[in-house]
Amino acid sequence: MKELRLMKGNEALAEAAIRYGVDGYFGYPITPQSEVIEYLMSERPEERTGMVVLQAESEVAAINMVYGGGACGKRVMTSSSSPGVSLKMEGVSYIAGSELPCVVANIQRGGPGLGTIQPSQADYFQATKGGGHGDYRMIVLAPASVQEMADFVGLGFELAFKYRNPVMILSDGVIGQMMEKVELQPQQPRRTEEQIRKECPWATLGKTPDRQRNIITSLELDSSKQEVFNNKLQKKYAEIVQNEVRYETINCEDAEYVLVAFGSSARICQKSMDICREQGIKVGILRPITLWPYPYQAVKDLVKNGVKGFLVVELNAGQMIEDVQLAVAEKVKVEHFGRMGGIIPAPGEVVEALKTKIIGG
Amino acid sequence: MSEAFARPEIRKPKNNVFKKTKVLTDNVLHYCPGCGHGVVHRLVAEVIDEMGIQEKTIGIAPVGCAVMAYNYFDIDMQEAAHGRAPALATAIKRMLPEKFVFTYQGDGDLAAIGTAETIHAVNRGEKIVIIFINNGIYGMTGGQMAPTTLKGMPTSTSPYGRDIQTMGNPLKITELVAQLPGAYYVTRQSVHTPVNARKAKNAIKKAFENQAKGCGVSFIEVVSNCNSGWKLSPVKANEWMEQNMFPFYPLGDIKVDGELVK
Numbered sequence: 001m002k003e004l005r006l007m008k009g010n011e012a013l014a015e016a017a018i019r020y021g022v023d024g025y026f027g028y029p030i031t032p033q034s035e036v037i038e039y040l041m042s043e044r045p046e047e048r049t050g051m052v053v054l055q056a057e058s059e060v061a062a063i064n065m066v067y068g069g070g071a072c073g074k075r076v077m078t079s080s081s082s083p084g085v086s087l088k089m090e091g092v093s094y095i096a097g098s099e100l101p102c103v104v105a106n107i108q109r110g111g112p113g114l115g116t117i118q119p120s121q122a123d124y125f126q127a128t129k130g131g132g133h134g135d136y137r138m139i140v141l142a143p144a145s146v147q148e149m150a151d152f153v154g155l156g157f158e159l160a161f162k163y164r165n166p167v168m169i170l171s172d173g174v175i176g177q178m179m180e181k182v183e184l185q186p187q188q189p190r191r192t193e194e195q196i197r198k199e200c201p202w203a204t205l206g207k208t209p210d211r212q213r214n215i216i217t218s219l220e221l222d223s224s225k226q227e228v229f230n231n232k233l234q235k236k237y238a239e240i241v242q243n244e245v246r247y248e249t250i251n252c253e254d255a256e257y258v259l260v261a262f263g264s265s266a267r268i269c270q271k272s273m274d275i276c277r278e279q280g281i282k283v284g285i286l287r288p289i290t291l292w293p294y295p296y297q298a299v300k301d302l303v304k305n306g307v308k309g310f311l312v313v314e315l316n317a318g319q320m321i322e323d324v325q326l327a328v329a330e331k332v333k334v335e336h337f338g339r340m341g342g343i344i345p346a347p348g349e350v351v352e353a354l355k356t357k358i359i360g361g
Numbered sequence: 001m002s003e004a005f006a007r008p009e010i011r012k013p014k015n016n017v018f019k020k021t022k023v024l025t026d027n028v029l030h031y032c033p034g035c036g037h038g039v040v041h042r043l044v045a046e047v048i049d050e051m052g053i054q055e056k057t058i059g060i061a062p063v064g065c066a067v068m069a070y071n072y073f074d075i076d077m078q079e080a081a082h083g084r085a086p087a088l089a090t091a092i093k094r095m096l097p098e099k100f101v102f103t104y105q106g107d108g109d110l111a112a113i114g115t116a117e118t119i120h121a122v123n124r125g126e127k128i129v130i131i132f133i134n135n136g137i138y139g140m141t142g143g144q145m146a147p148t149t150l151k152g153m154p155t156s157t158s159p160y161g162r163d164i165q166t167m168g169n170p171l172k173i174t175e176l177v178a179q180l181p182g183a184y185y186v187t188r189q190s191v192h193t194p195v196n197a198r199k200a201k202n203a204i205k206k207a208f209e210n211q212a213k214g215c216g217v218s219f220i221e222v223v224s225n226c227n228s229g230w231k232l233s234p235v236k237a238n239e240w241m242e243q244n245m246f247p248f249y250p251l252g253d254i255k256v257d258g259e260l261v262k
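Residue numbers (my numbering), protein chains in the order written: chain A, 1 to 361; chain B, 1 to 262.
Hint data in this document are derived by calculation from the structure and do not stem from the laboratory.
Virtual Cβ for every residue (Gly too), placed ideally from N, Cα, C.
Please note that a few of the clues may not be correct.
[Claimed, not checked] Calculated lysine-lysine pairs in the PhoX-like style (CA-CA distance at most 25 Å, straight line):
#1 A:K333 to A:K355
#2 A:K198 to B:K262
#3 A:K198 to B:K14
[Stated by the list, open to error] Okay, the calculated beta carbon distance ranges per label pair:
#4 B:T25 to A:K129: 34 to 42 Å
#5 B:L260 to A:G341: 36 to 44 Å
#6 A:A238 to B:T157: 37 to 45 Å
#7 A:P201 to B:L260: 24 to 32 Å
#8 A:M179 to B:L260: 36 to 44 Å
#9 B:E242 to A:E227: 29 to 37 Å
#10 A:S224 to B:D257: 45 to 53 Å
#11 B:W240 to A:W202: 38 to 46 Å
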């Protein structure tokens, strides 16, 4: 039985968290994502499922609450927007270094600094290339609809627990604030302590006589042991690259030109593609769903199929374009089109950019 | 005459042989000889043992000298980022209310970088125990100035003594948190003599018992020495502590059962 609702992206994320059986949400208000915690608080999740929802004193405290809960094998998440996510990066590094599962949602706004409260995709580098310190990787999912805001909560937790790794839902102010139809999953029960002990033998739930004590830490003073651990992490990341690349292609079979875009930009590009097709220009879309691991092979395949040029459309100064350039390796033209400061380009602007920068350029 | 002869009531068989509690591991402590950390570790471990809560206790180690506290307690433990232990403890206790949760933090961790986490965890009345070791210096990083460093006290970052005009005043964070409604039990102890160690143990026990009863934060400051950081022998360090630290950080209960003392 389908349950359809008309919801904001932020609300869908929150409702999906309750229904997935998330144990704890820890957040701090910031525009444009405050609806997440507002929705959760208004839903009385402590009564619906026993989920803990807490407004922390800062983003720093919130991500460290996530650390504490994740270390107990609990399904824990937090959300914020760009400036707040910067504050969380210390915690994300510790979570990655301690190999803990969690989901962090970033409903991006314009930067740098306090920037603007309007939508942006300028945190691509932060999410996919680092953000925090040390050699770590975060699985990054980019929703392009309210439906995916809901669906990626469950997917995020599945990946987070499968690999004991933080997962980021990299959304933006458009996807977070817009309302769409969303199909909600039925309520799942929260796991019992017994289930968690079985699924997560590493979790700090109290030492029992049948096992050694569990220690969650990212500290190793012996450099040779630390390198062994670093190699173990890299092996895990290689496995993720092997198994978890996700992307969507639209009309790429006969495409001469491809728009590469994620999240809200990919939605704008759909209209741009339609305009081009009406004018007889064969345009397709490549929409990476995982921004890390990145679908390099999908880009390479398009080059092999005869695509003459790529226009990378992002709400930033050109960040994902570096990954497209890496895959294309100068075989065909790759250009960037983006708006900044919270400006959302019209589909026609993308068409114009394609014509001037790629087709006619 | 020793205390045992003066007080026959403590001459019980269980007191005749000193035993290491099973809640401490056999790992060799990395702390400097003469440091108070080892004693406080033992007292916390003894309380956990005596209360029979080893299987239900989750501890949080800080960043600082006690960063590797998890090597010494035979319980499940987490190592927090610098200053964030109360945030971890908040989430753990909220999601596992039947467990016992404590943080073990130094002065830099709790009273400088983690001030916000400390104050807000206490203000929310989280049902946790906070063990706060105050030795007035950053021991692990090599003796830099701490928020609790006394006026005029030399450290590697205040080599001519802490200048109040430019470096600020030593922070009495324990008195500060005692003012918050969420603080249920706030006390200041030391472990430099057997008598003080016994008192400190009673305080730690009371703190864990408060948690069993579901009361708010129990906050135990232990004024301790740092003979390495203070550049004094262990004996001299304890004397210096009595003469200089105790007048500014007086020992005793500050808040008991939610009521300020005096």
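Here's how the hints hold up against the structure:
no.	hint	verdict
1	A:K333 to A:K355	holds, 13 Å
2	A:K198 to B:K262	violated, 51 Å
3	A:K198 to B:K14	violated, 39 Å
4	B:T25 to A:K129: 34 to 42 Å	holds, 40 Å
5	B:L260 to A:G341: 36 to 44 Å	violated, 53 Å
6	A:A238 to B:T157: 37 to 45 Å	holds, 43 Å
7	A:P201 to B:L260: 24 to 32 Å	violated, 45 Å
8	A:M179 to B:L260: 36 to 44 Å	violated, 52 Å
9	B:E242 to A:E227: 29 to 37 Å	violated, 46 Å
10	A:S224 to B:D257: 45 to 53 Å	holds, 51 Å
11	B:W240 to A:W202: 38 to 46 Å	holds, 44 Å
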